[in-house]
Amino acid sequence: MNKTVIFKIDGVEVRGKTGQTIMDAADEAHIYIPRLCDVEGLEPQGSCRVCIVKVNGRPAAACTQPAADGIEVENGTLEILNCRRDIIRMLFHEGNHLCPICEASGRCELQAMGYRLGILQPAKYPYLQPVRPIDASHPDILLDTNRCIRCGRCIRASKYIDGKNVFGYVGRGIHKRVGVNGKDFAHTDVHPDDKAIALETCPVGCIIRKGLGFFTPVGQREYDRAPIGSDIENPELRREK
Amino acid sequence: MKRDLESVVSQACRKFDNDGVRIIDILREVQNRLGCINGETMELLAEKLSSSRIEIEGLVSFYSFFSEDPKGKVIIRLCDDIIDRFAGIDQVAKVFSEELGIGIGETSSDRSFSLEYTPCIGMSDQAPAALINGVVVTKLTPGSAGTIARSLKRNPDPSRLVKKKGDGNNAGRLINAMVKNNIRKKGEVLLSDRIPAGAGLESALKKTPDQVIREVIDSGLRGCGGAGFPTGRKWDLARRTTAARRFVICNADEGEPGTFKDRVLLTERADLIFEGMTIAAYAIKSKSGILYLRAEYEYLRPFLENVLKKRRKAGLLGKRILGKRGFDFDIRIQSGAGAYICGEESALISSCEGLRGEPKTRPPFPVEKGLLGHPTIVNNVETFCCAARIIDRGAQWFAAIGTDESNGTKLLSVSGDCKRPGLYEVPFGIKAAKLLDMAGAEDPAIVQIGGAGGEMIGRNSFDRKICFEDLSTGGSVMIFSSHRNVLKIVDYFLEFFIHESCGYCTPCSVGNVFLRERIQKIMDGYAEEADIDYLKDLSKTIMMTSRCGLGNTSPKPVLSSIDQFPVVYASLTRESKQGLQAGFDIQKALAESRRIAKRTSMIYDPVYGSENE
Numbered sequence: 003m004n005k006t007v008i009f010k011i012d013g014v015e016v017r018g019k020t021g022q023t024i025m026d027a028a029d030e031a032h033i034y035i036p037r038l039c040d041v042e043g044l045e046p047q048g049s050c051r052v053c054i055v056k057v058n059g060r061p062a063a064a065c066t067q068p069a070a071d072g073i074e075v076e077n078g079t080l081e082i083l084n085c086r087r088d089i090i091r092m093l094f095h096e097g098n099h100l101c102p103i104c105e106a107s108g109r110c111e112l113q114a115m116g117y118r119l120g121i122l123q124p125a126k127y128p129y130l131q132p133v134r135p136i137d138a139s140h141p142d143i144l145l146d147t148n149r150c151i152r153c154g155r156c157i158r159a160s161k162y163i164d165g166k167n168v169f170g171y172v173g174r175g176i177h178k179r180v181g182v183n184g185k186d187f188a189h190t191d192v193h194p195d196d197k198a199i200a201l202e203t204c205p206v207g208c209i210i211r212k213g214l215g216f217f218t219p220v221g222q223r224e225y226d227r228a229p230i231g232s233d234i235e236n237p238e239l240r241r242e243k
Numbered sequence: 002m003k004r005d006l007e008s009v010v011s012q013a014c015r016k017f018d019n020d021g022v023r024i025i026d027i028l029r030e031v032q033n034r035l036g037c038i039n040g041e042t043m044e045l046l047a048e049k050l051s052s053s054r055i056e057i058e059g060l061v062s063f064y065s066f067f068s069e070d071p072k073g074k075v076i077i078r079l080c081d082d083i084i085d086r087f088a089g090i091d092q093v094a095k096v097f098s099e100e101l102g103i104g105i106g107e108t109s110s111d112r113s114f115s116l117e118y119t120p121c122i123g124m125s126d127q128a129p130a131a132l133i134n135g136v137v138v139t140k141l142t143p144g145s146a147g148t149i150a151r152s153l154k155r156n157p158d159p160s161r162l163v164k165k166k167g168d169g170n171n172a173g174r175l176i177n178a179m180v181k182n183n184i185r186k187k188g189e190v191l192l193s194d195r196i197p198a199g200a201g202l203e204s205a206l207k208k209t210p211d212q213v214i215r216e217v218i219d220s221g222l223r224g225c226g227g228a229g230f231p232t233g234r235k236w237d238l239a240r241r242t243t244a245a246r247r248f249v250i251c252n253a254d255e256g257e258p259g260t261f262k263d264r265v266l267l268t269e270r271a272d273l274i275f276e277g278m279t280i281a282a283y284a285i286k287s288k289s290g291i292l293y294l295r296a297e298y299e300y301l302r303p304f305l306e307n308v309l310k311k312r313r314k315a316g317l318l319g320k321r322i323l324g325k326r327g328f329d330f331d332i333r334i335q336s337g338a339g340a341y342i343c344g345e346e347s348a349l350i351s352s353c354e355g356l357r358g359e360p361k362t363r364p365p366f367p368v369e370k371g372l373l374g375h376p377t378i379v380n381n382v383e384t385f386c387c388a389a390r391i392i393d394r395g396a397q398w399f400a401a402i403g404t405d406e407s408n409g410t411k412l413l414s415v416s417g418d419c420k421r422p423g424l425y426e427v428p429f430g431i432k433a434a435k436l437l438d439m440a441g442a443e444d445p446a447i448v449q450i451g452g453a454g455g456e457m458i459g460r461n462s463f464d465r466k467i468c469f470e471d472l473s474t475g476g477s478v479m480i481f482s483s484h485r486n487v488l489k490i491v492d493y494f495l496e497f498f499i500h501e502s503c504g505y506c507t508p509c510s511v512g513n514v515f516l517r518e519r520i521q522k523i524m525d526g527y528a529e530e531a532d533i534d535y536l537k538d539l540s541k542t543i544m545m546t547s548r549c550g551l552g553n554t555s556p557k558p559v560l561s562s563i564d565q566f567p568v569v570y571a572s573l574t575r576e577s578k579q580g581l582q583a584g585f586d587i588q589k590a591l592a593e594s595r596r597i598a599k600r601t602s603m604i605y606d607p608v609y610g611s612e613n614e
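In order, the protein sequences belong to chains V and C. Residues in the first sequence are numbered from 3 upward in steps of one, following the working numbering. Residues in the second sequence are numbered from 2 upward in steps of one, following the working numbering.
Take these hints with a grain of salt, some might be off.
[Stated by the list, open to error] For each label pair, taking beta carbons as the anchor points, the in silico distance ranges come out as:
id, chain 1, residue 1, chain 2, residue 2, range
1, V, Gly215, C, Glu69, 32 to 38 Å
2, C, Glu7, V, Glu81, 53 to 59 Å
3, V, Tyr117, C, Lys537, 57 to 63 Å
4, V, Asp142, C, Arg241, 51 to 57 Å
These aren't lab readings, by the way, just hints derived from the structure by calculation. Remember, predicted model here, so these are calculated numbers, not experimental data. For each residue, glycine too, the CB sits at the ideal point set by N, CA and C.
For reference, chain C alone in the conformation it holds in the complex (with noise of 0.2 Å):
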């Protein structure tokens, strides 16, 4: 047993070069083959890494796809996220545990199955979904998880669950999914269907750098992934250090609920990332490129890497691109392993250093210090489309679309309470009505837009505008009808949240949890008018002292839905009586007291003694 381990270890150490920064790949390698990574596996990495125990447990407890644990050989992660609760995953979950005889977050005892539940996979257009190892299931209903799990236990091979298979690029051999793109709109500048092949990288090559860099930042275009960071000046920035080495990185990490636009691009438009990235290689003079890959997307490996194989025998990658002297350059594909944080730039550098995904101390920032100390552009999936398509077009071309401050198009991941989920190309501007309106949503009263740390709004707010000015996004737009409850929208957040900082500084990792502590007071109806001031000052707080994005954003939905909808919130919270706190439940103090005691109260208890009596 110990040699099988330690041959195991010493395989997958081999298979990266014993690379210390490839840890991330080697502890997936081991959890993937061993089920699990315990003390005594961290402890030989350790030695073969020359790193120690503890700084392998780091990780180990860091990335959700790692487990101390054994896990089951079939591992059935289900969707939790609020799309997918509304579309009944409870149920489906239901299904599954009584079919498998195990309950959520366990593992049966001949190590066959284990079942949890996982949050947003991306596919929140075809609610609910799991995760089945690699392979996506979508929608679910109680009836077809039941055959699900009878088929795994006759024949644990996941992939065969696949019988009918998506549109586009999922149905062809190396993707082999049942996922569908649900393109709704297509627009000029991503999804139209006559993107001339390789030429934006052609026009790129005939423009110096300095040109190319000119074009984008002249085209007015923004981080796609939601921050809105001019992308022309972060590349300029990158350009302007001095530097042996220069990085290009590609955040395909998609965690954002509701979210699910870049795996389409991954799935439709593989090319015209790579191209993208080639061109910002090109203008800041990169000779690597990695793509970070979320976990959760692992089915478009095979596929993305066939795409790079391709492009190197044509010349697009590698040495001498296009017979440009001197232009090498190549990218890799790095896996996450299930962390949302990751999303975050500076945390998803310190990923691909083979690091817990924290986000670094800036400054200095990524495009001074970024991938091992080297300046490094981190870019979303759709930002380097976008470029790709600017040096094809040209600025003024991409700049007359939208609005003065968010140019271009943007894709619109939309999904819940609506009858075409799917995904939207339109300009940036657009009414969030005009949006209900093409998405078929009948009776739309409660619409995130911009992911868990986005904005809620209500229908006296529909007539304002999707960009950056006004209700900005990294492209999710969640659509929730009259029957939902706010607050238990809210909770969902504040729980996300919560499972997802990475806990480096104080604000996020506890201040999210009062947070959440005081919303589910307020739906347990014992909130007062003074707890609406305690969520707002405490938001406040978190907002403005935590460290990173994430803390900086997660109390919004609970202030947009306070301001928003304050008549939920009043007929939640009660006047105090003299002197009584509104808020307090003797019952639920009592509790603990009783079971320290073993005995009922004398006052508060109608029998008063202790149990065994």
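Isolated chain V, as found in the complex (with noise of 0.2 Å):
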């Protein structure tokens, strides 16, 4: 099954696998597709729309549309690219993304999305400012899911990785969010080592652990060594990492 398809993204020729996503064969390519709800480890699920690219002139999210021969593929478009920033600051302009003072600053992928995509002041949207109580219940993590994006990849970590259902979606619309298994955090099997609450995990800083705030010095937190999506572009700073 692993015939090889060749096609085109930007005009520039890629090679992939049959099975793969453009995604998958964008990354081996050093082409970097922005994206949040994906990550590697787990499966794609195609829902913050940040990896949107047209195939043949149709919209598709890379990260969930199979690789096939001679397709033609947008990704550096302007339109593309004004799709992404829209798309990015409907995440900050959703939620409460108050950089200065949030732990995730500077690894943070919306901030570091933010940045790479040209967007230095998220105004054009108004501002919904939501009140959604923090769960403190945990000794040792705090959720704020006033800055979730609801990529759901602790969802995806817990149940593909850790075996376990701590976090799940619930409600629907604007109001969906992520909520865990039982009356508060505290109440769960949640496990410290779980992967699910692993650093890189949460690409926000919805998921804070305790204890430990704003550890990295300003200016070698990891964003502020190369923009979001260099490890990619550059196979050399992957190694470094």
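Fit chain to chain and form the complex, with the hints in mind.
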């Protein structure tokens, strides 16, 4: 089944294998397609829509769309860039993302994506300023869903890596949010070593370790060194990491 | 109390063989018996079904008919469609509220009543309407609302409210509803009085499955739910798969605002629907089918179950259908639980699997990997009826009706400002103006074709045709006369989409909220020209990046109203004064700071000082 497929991303020839998504093949070819909900090691779900591309002129999510022979993928056009900027802005405006006071600042993928896509001050849309209760019941972990972007990485990590169901989606529409398997977080079977609450699982500052605040000095934080996606574009960086 | 809870939960689970796939049915049972599904109940259910509390909470918080908070024994759901709004549902709501002493969204302290608004219940031709538990009450007035409320206070059995029954099967013992069919125009395909019973199925079994599919392809039949995918091709794709099991699903989750055609077909053409499903099963080699019935149409369920029973008895369902060796097929009814998105075929499949009704990632498409991973065809109620008729009368007969790209007749649900709201079966290609004439619309100014995600047209466009190549519709035609406010209609549709978005993807769940905010700014008179460009720009992002048809179409009322009613928008936008944003309302902006600071503004308020002084 591992037949080679050859297609183009912005006119550049890319070789992938059948069964791969456009995103997988692009990553191997060192072409970065921005993404938030998709992360290595978890099944893609295509929900954040940041990885939107055009395949033969039709919009598709690169993280779920299969690579196929002869397709023409648009990734770096202004039209696509503007769509991605709008989606990043929507996420900023929908929650409360106060970078200067957020513990995840500097390693936050949402913030880094804002910089990478050239959004310096998200002011296009109205701020919804949600007031969702913070769950500080657990001795080691704090959950602040006001900063959640509903990427579901914690949900999938818990389910498919930890073999548990610590997190899950509740509600729908604009009220959809990540809930926990119990009346609060302290009443779940979460373990400090769970992948679901690992630092790299949450792309923003929603899952926070207590007693471990602002541990990397400004200037040395992950995205202080290089923009998000650099490790894919430049494999040298990946080895350093 | 705990023991009671346990017995209700285990009984409900046992009724559906402790099968996690049937959890929607189980939750419906528990909700009906306990009035709520709280954390404790969720934990019990999780234990019984080897699920988890969070997964059950995910379902309970997704479907509108479930609730964590206790509901009253009698739940009054007032239809909050735009048609019902213009027909005076707010006055009706006010009376209910006063009589029962509770506000909208509240439950009385003795838990006897809950009062709430619900999106379109499929009764736009007899608005304003409401659902009282399962019972439909139509053509409400403030007067009749008072009578109903007082009667329910004396005797909480809502079935007693059905005094004057509707026509046709509505009057029968099993439906027993005051709902009227309002069939205004009968066409030769679906509403004709001369449809021979069972002719389609008999004819199908004389053909090979390939010939049946060929016939449907040649007829040019396209999905009647709105998307218009060629039906024969869908069947063909499912048939060509290698699979041990295949499923036939009938989409009776008719939730599109202003549509009620499926309600009438379910009432008057139930046999034809099941016949169409059976033909499809024969064509694609399926042994089991599901009719997914929206929760609002639960009042039709006993009747439909009985039709199925009779068909089994007559050898039209079950083993060896009509004596044909190896052709076994049966149908079960799956009830929905209040979610418009489940009308989207892959979301409907998710719901049938006992999951949150969220669309699935495509590819793979349902015809390859559908229900529980098996190839599945999902077709609309009307589509199955058409298919049965095509197999009886032949592809040529069907293809001769309609236009080049839209063959056959279309059922149009007409509602709003007209003398004759109801169901019209007309050939595809009918001009909007002709339909408006037939419906007795005296002063039509705004017509919404295709439901919430459809197109809004004004007088200049009334000569356009209703068909896939021009004004495409799943069947909803809403008429508004010249005294109606265009923006109020647009605002309603956005409110509807915000309520019904599943929330899976960012642009749909968030973007529609921003669209509505700006439409309201225009309504409030604070908009400037740039706001129109903002709406167009945001609409484009939502339509292009959303994951399913809901977000791909939700901005259409915004875009088509800007296109068709530019004068309305122009009159409500103003030019900004030098350097100032016209849209900036200083008083509104200050309100929040006043609240937090607990004092007024030194510059902008006539009296400066704290509230307590």
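Going through the hints against the structure:
For V/Gly215 paired with C/Glu69, a C-beta distance near 34 Å keeps the hint of 32 to 38 Å intact. Between C/Glu7 and V/Glu81 the C-beta distance comes to about 57 Å, which sits within the given range of 53 to 59 Å. Separated by about 27 Å at the C-beta atoms, V/Tyr117 and C/Lys537 break the suggested range of 57 to 63 Å. Between V/Asp142 and C/Arg241 the CB atoms are about 54 Å apart, so this pair conforms to the stated range of 51 to 57 Å.
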